[in-house]
Structure formats: C-alpha cells, structure tokens
Amino acid sequence: MSWARLAAAAALLMLAGCGFRPLHGQHAAQKGPVMEQFSQIAVATIPDRRGQMVRNELLDLLTPRGEPAQPRYVLNVGLSETIEDDMIRRTGSASRSRLTLRASYQLRDGDKVVDTGTARTILSYDLPPDQPFAAVTSERDSERQAALSVAEQIKSRLAVYFARQQTP
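Residue numbering for the sequence shown follows this note's numbering, beginning at 21 and increasing consecutively.
One or more hints might be untrue.
Claimed, not checked - In silico EDC-like cross-links for lysine to aspartate or glutamate, where the CA-CA straight-line distance does not exceed 16 Å:
(1) K175 - D80
(2) K175 - E56
(3) K175 - D135
To be verified - Ranges of calculated distance between the beta carbons of each label pair, as one might list FRET restraints:
(4) T102 - E172: 33 to 39 Å
(5) R110 - D161: 24 to 30 Å
(6) P88 - R160: 29 to 35 Å
(7) G137 - R69: 20 to 26 Å
(8) S124 - Q151: 32 to 38 Å
(9) P88 - I108: 45 to 51 Å
(10) W23 - M107: 52 to 58 Å
(11) A28 - R164: 31 to 37 Å
(12) V94 - S176: 15 to 21 Å
(13) A27 - R160: 48 to 54 Å
(14) D105 - D129: 39 to 45 Å
(15) V180 - R69: 26 to 32 Å
No wet-lab data here; the hints were simulated from the structure. The beta carbon of each residue, even a glycine, is placed where N, CA and C say it ideally should be.
All chains, full assembly: derive it from the sequences and hints.
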C-alpha cells in the first residue's frame with residue numbers, strides 16, 4: 021500500500037471520530053431535528069414587493085411542504101434597501117448600480133423572542149445605455165438574487181440556532 025493511500029485512510033478514520041454532524045441532513049441517532057424545527061415556523065408577511073420576494077424564498081427554504089397549520093414559531097423580518105449609482109458615464113447617467121438589501125429578523129416562540137439577527141447582501145448590475153428593457157431586466161434579476169441570498173442567510177442562521185438547542 022502506498023504512503024498516499026495510507027495517509028488518506030488515516031485522515032478518513034480521524035474524520036469519522038471528530039463528531040461532525042450534518043446541519044440540515046439526518047443523523048443516525050436523530051431524524052433531521054433542524055428540518056423538523058423549520059417545519060414549525062410561520063413566516064410573517066413582509067411589506068412591499070421585495071418583502072414578498074424574501075418571504076416567498078423563506079417559505080420555499082424553510083417549509084417546502086407548506087406552512088404549518090399550528091406553528092410553534094413566528095419569523096418576523098424587516099427589510100431596508102438602498103440603490104446607489106456605482107459608475108457614472110461622461111453624460112452624467114449611471115452605467116452601473118449597486119443594490120444593498122438588509123434584513124433584520126426575529127424568531128418568536130409565543131411571546132418570547134428566542135433568536136434575532138441580521139443578513140445583508142450587496143449586488144451590482146449594469147444599466148446599458150439606450151436599452152431600458154435590459155436595464156429593468158438587470159435590476160429585477162438583482163432583486164431576485166438579493167432576496168434569495170438574504171433568505172439563505174436567515175435559514176443558515178436559524179439552522180445554527182436550532183442545532184445549538186439540540187446539542188446537550
């Protein structure tokens with residue numbers, strides 16, 4: 021047996037005993053405790069169009085089988101956004117814009133706040149000259165990407181919270 025194979029086998033044996041547990045998947049002793057907690061979350065309505073986009077992404081990520089009939093948790097999310105001109109042409113019009121989407125969330129268990137946090141994403145998009153349809157399409161695509169990014173960050177932070185609650 022070569023040294024490389026022996027080293028790889030030793031590394032695999034060490035990883036097997038390190039206590040690694042998947043965050044979202046199933047563990048042999050537990051049947052997906054984080055995913056079970058996600059299925060008990062109701063996502064409150066978030067105002068405005070971007071809020072609706074973030075809420076829809078959260079629903080897809082947290083409760084893909086549908087919202088719970090009797091949720092244990094309620095997730096409240098507040099959004100703020102800024103759009104800034106990033107690059108300016110000689111004519112004075114913007115050639116690139118930057119969208120910053122910030123979300124602050126609060127997970128409630130009844131009347132008690134059990135977890136809070138923030139998520140932020142920054143995306144830039146082109147504004148082609150004399151092509152208004154392309155500019156609108158670029159902006160809308162950035163909005164969708166920002167909504168997904170913020171929702172994924174919130175999901176990850178909630179997964180860490182629930183995983184810590186499961187750890188003895």
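Open item on the list: Holds or violated: K175 and D135, Cα atoms, limit 16 Å.
Closed with: holds (12 Å)
- [ ] With 32 to 38 Å as the target window, see if S124 and Q151 comply at their CB atoms.
- [x] holds (36 Å)
TODO: Could you see if the CB distance from R110 to D161 stays within 24 to 30 Å?
DONE: Taking Cβ atoms as reference, R110 and D161 lie about 26 Å apart, which means the hint holds.
Task: Whether the CB-CB distance between D105 and D129 falls inside 39 to 45 Å - done: With Cβ atoms ~43 Å apart, the hint holds.
Task: Satisfaction of the hinted span 33 to 39 Å by the C-beta atoms belonging to T102 and E172 - done: violated (20 Å)
Open item on the list: I want to verify a distance hint. Is the separation of the beta carbons of V94 and S176 within 15 to 21 Å?
Closed with: Given a distance of about 19 Å, which is inside 15 to 21 Å, the answer is holds.
- [ ] Kindly confirm whether 31 to 37 Å is satisfied by the beta carbon distance between A28 and R164.
- [x] The hint (31 to 37 Å, Cβ to Cβ) is violated, given that A28 and R164 are roughly 42 Å apart.
TODO: Could you grab the alpha-carbon distance between K175 and E56 and see if it respects the 16 Å cut-off?
DONE: holds (13 Å)
- [ ] Hint says 29 to 35 Å; check whether the CB-CB distance for P88 and R160 agrees.
- [x] holds (31 Å)
- [ ] Mind checking the alpha carbons of K175 and D80 for me, to see if they're no more than 16 Å apart?
- [x] Holds, because 11 Å separates the two Cα atoms, which is no more than 16 Å.
TODO: Using the Cβ atoms, figure out if W23 sits within 52 to 58 Å of M107.
DONE: holds (54 Å)
Task: Range agreement (Cβ of R160 with Cβ of A27, hint 48 to 54 Å) - done: This hint holds: roughly 50 Å between Cβ atoms.
Going down the numbered hints, you'll see the structure goes against 4, 11, while the others check out.
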